[in-house]
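There are 2 protein chains.
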Amino acid sequence: MTFSQRLAQAARMLEARLARILDEAAAGGAPPRLVAAMRHAALGGEAKRLRPFLVLECAALFGVAAEAALPAAAALECVHCYSLVHDDLPAMDNDDLRRGKPTVHKAFDEWTAILAGDALLTMAFALLAAPQTHADPALRVELAAGLAAAAGAGGMLGGQCLDLEADKLGVPQRPSEAHVKRLQAMKTGVLIRFACEAGGILGRAAPEQRRALIVYGERLGAAFQIADDLLDTHGDAAVMGKAARKDRGKATLVSVLGAQAAKARLATLEGEARAALDSFGERADILQEAARFVVTRQM
Amino acid sequence: MTFSQRLAQAARMLEARLARILDEAAAGGAPPRLVAAMRHAALGGEAKRLRPFLVLECAALFGVAAEAALPAAAALECVHCYSLVHDDLPAMDNDDLRRGKPTVHKAFDEWTAILAGDALLTMAFALLAAPQTHADPALRVELAAGLAAAAGAGGMLGGQCLDLEADKLGVPQRPSEAHVKRLQAMKTGVLIRFACEAGGILGRAAPEQRRALIVYGERLGAAFQIADDLLDTHGDAAVMGKAARKDRGKATLVSVLGAQAAKARLATLEGEARAALDSFGERADILQEAARFVVTRQM
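Read top to bottom, the protein sequences are chains A and B.
Letter 22 of the first sequence, counting from 1, is numbered 120 in this note's numbering, and no numbers are missing.
Letter 189 of the second sequence, counting from 1, is numbered 287 in this note's numbering, and no numbers are missing.
Hints are computed from structural coordinates only; laboratory data are not their basis.
No copy labels: a pair is met if it fits in one copy or bridges any two.
Taking lysine-lysine pairs in the DSSO-like style, the calculated list, with each CA pair at most 30 Å apart, reads:
#	residue 1	residue 2
1	Lys266	Lys279
2	Lys199	Lys146
3	Lys348	Lys361
4	Lys266	Lys199
5	Lys361	Lys266
6	Lys204	Lys266
7	Lys146	Lys348
All values derive from a computational prediction rather than experimental measurement.
Make a model of the complete structure from these sequences and hints.
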């Protein structure tokens with residue numbers, strides 16, 4: 099199976115699992131409108147499902163079957179989807195298009211979008227806490243703690259705050275390279291890093307293996323953001339499924355360093371990500387290819 | 099110590115703990131603006147801290163010290179505070195005043211309010227997952243699962259969705275008593291019920307004791323909402339610390355049944371809440387008083 103086929107297969111499995119989880123939410127008494135908005139946010143479209151793919155593949159390094167890693171993978175994807183729903187709101191990035199579909203507040207309305215995002219975030223923790231995720235409660239609570247740290251004020255939400263401060267308030271006036279790196283590490287890096295770590299947690303990785311996955315995830319996350327920024331600068335909306343050049347006013351490593359230096363940094367990050375996998379040998383071939391894929395095209 | 103003193107003492111303890119938790123978030127790299135908005139949402143003002151009070155007092159039935167129950171109590175209060183921040187947004191209830199202070203989107207702006215709410219929700223799960231909450235990970239994960247269910251699409255968020263559907267979309271056109279009861283049970287009842295259950299979880303209550311706390315919490319939650327609606331119909335903004343009669347267009351048990359029948363229902367609920375505590379004897383005196391307090395004045 100080629101890398102792209104494997105990625106697509108993971109996306110299909112994830113999509114099916116998310117659909118089932120949302121069916122269960124509806125059966126459990128969640129209002130139809132709210133579930134419909136959650137479905138709109140979480141299902142279909144052109145999502146590559148990078149984060150759940152990384153959970154599955156990193157868990158697979160330790161012999162964990164995809165089926166067993168799927169609930170945790172779905173939880174991470176719920177957090178990613180919620181963050182997109184809220185980021186797209188008029189008060190935030192004000193986007194009309196996402197993954198080739200109208201954003202949730204366009205397809206429904208703002209209050210429904212806010213609630214659907216909240217509900218996806220809450221569902222992520224319901225998933226991690228449920229026995230289906232793993233038989234060992236200590237492992238489940240470790241996943242929940244890790245996700246809360248990655249997604250919280252010191253992680254993804256903190257990065258989003260720094261990004262919007264720069265965009266809306268012009269703070270700081272001239273973002274330094276260090277500031278942009280920190281912002282991006284928080285905004286997108288930490289959740290991608292945690293996706294890799296979560297696979298290790300599910301596989302009961304030894305400490306040094308877990309550290310290797312964290313390094314891999316961190317470099318991959320940083321590379322992902324630079325590739326995204328390069329695409330945003332040069333891409334077009336049809337390829338991306340969202341508005342291009344929407345980040346024009348935002349500080350990125352492309353705007354701070356220039357495209358050439360950003361591309362060089364991307365190559366360095368790819369090398370570091372790959373090197374982190376050395377100890378896993380050819381078991382990690384698919385993750386090696388993922389590093390290549392992230393730097394060469396937008397996922 | 100009188101009931102009011104005990105309630106005030108719990109509020110002070112909770113406030114101090116929340117302040118410390120937010121200091122730790124700031125020290126952990128959360129951006130100052132985000133932490134300031136979280137502080138605005140979670141600290142000060144005129145909050146009675148009913149939910150954490152219930153966690154502490156229900157845990158105390160089983161000999162759990164307040165200090166030991168405080169992290170879980172703080173987690174529930176974070177969820178309550180986040181729900182207020184998002185409910186107050188222009189796209190939702192559009193309120194300018196909360197607990198005698200400007201709402202978060204008034205004191206800051208909408209995007210900051212959305213992120214601060216998201217961050218408080220995420221922090222609630224970080225708190226529950228942390229070893230400080232309880233030494234036993236199985237117990238922590240049970241608390242996290244319970245909170246996610248209570249706060250999620252089948253609970254608080256579902257109730258908020260039904261409420262806004264009625265308010266903004268006029269669906270259903272004539273809400274039945276059953277519809278309003280379901281809406282209110284979800285919107286406010288489930289979290290209050292879970293506050294009581296969480297105390298029982300912390301105290302490793304026997305199944306029948308836990309059921310008793312759930313019945314108590316459920317009746318208390320329903321009574322709380324009716325008392326709130328009566329106060330909203332007849333109260334004034336100075337007493338409430340928020341705009342009065344803001345629920346004029348919303349279906350409540352007061353609007354559906356009339357004030358007299360709503361008051362009769364309140365008395366029934368108080369009796370049922372008190373009866374549920376019978377097996378605890380005088381150990382539950384303070385919770386008996388809490389039932390009285392909830393029906394006689396707005397907390």
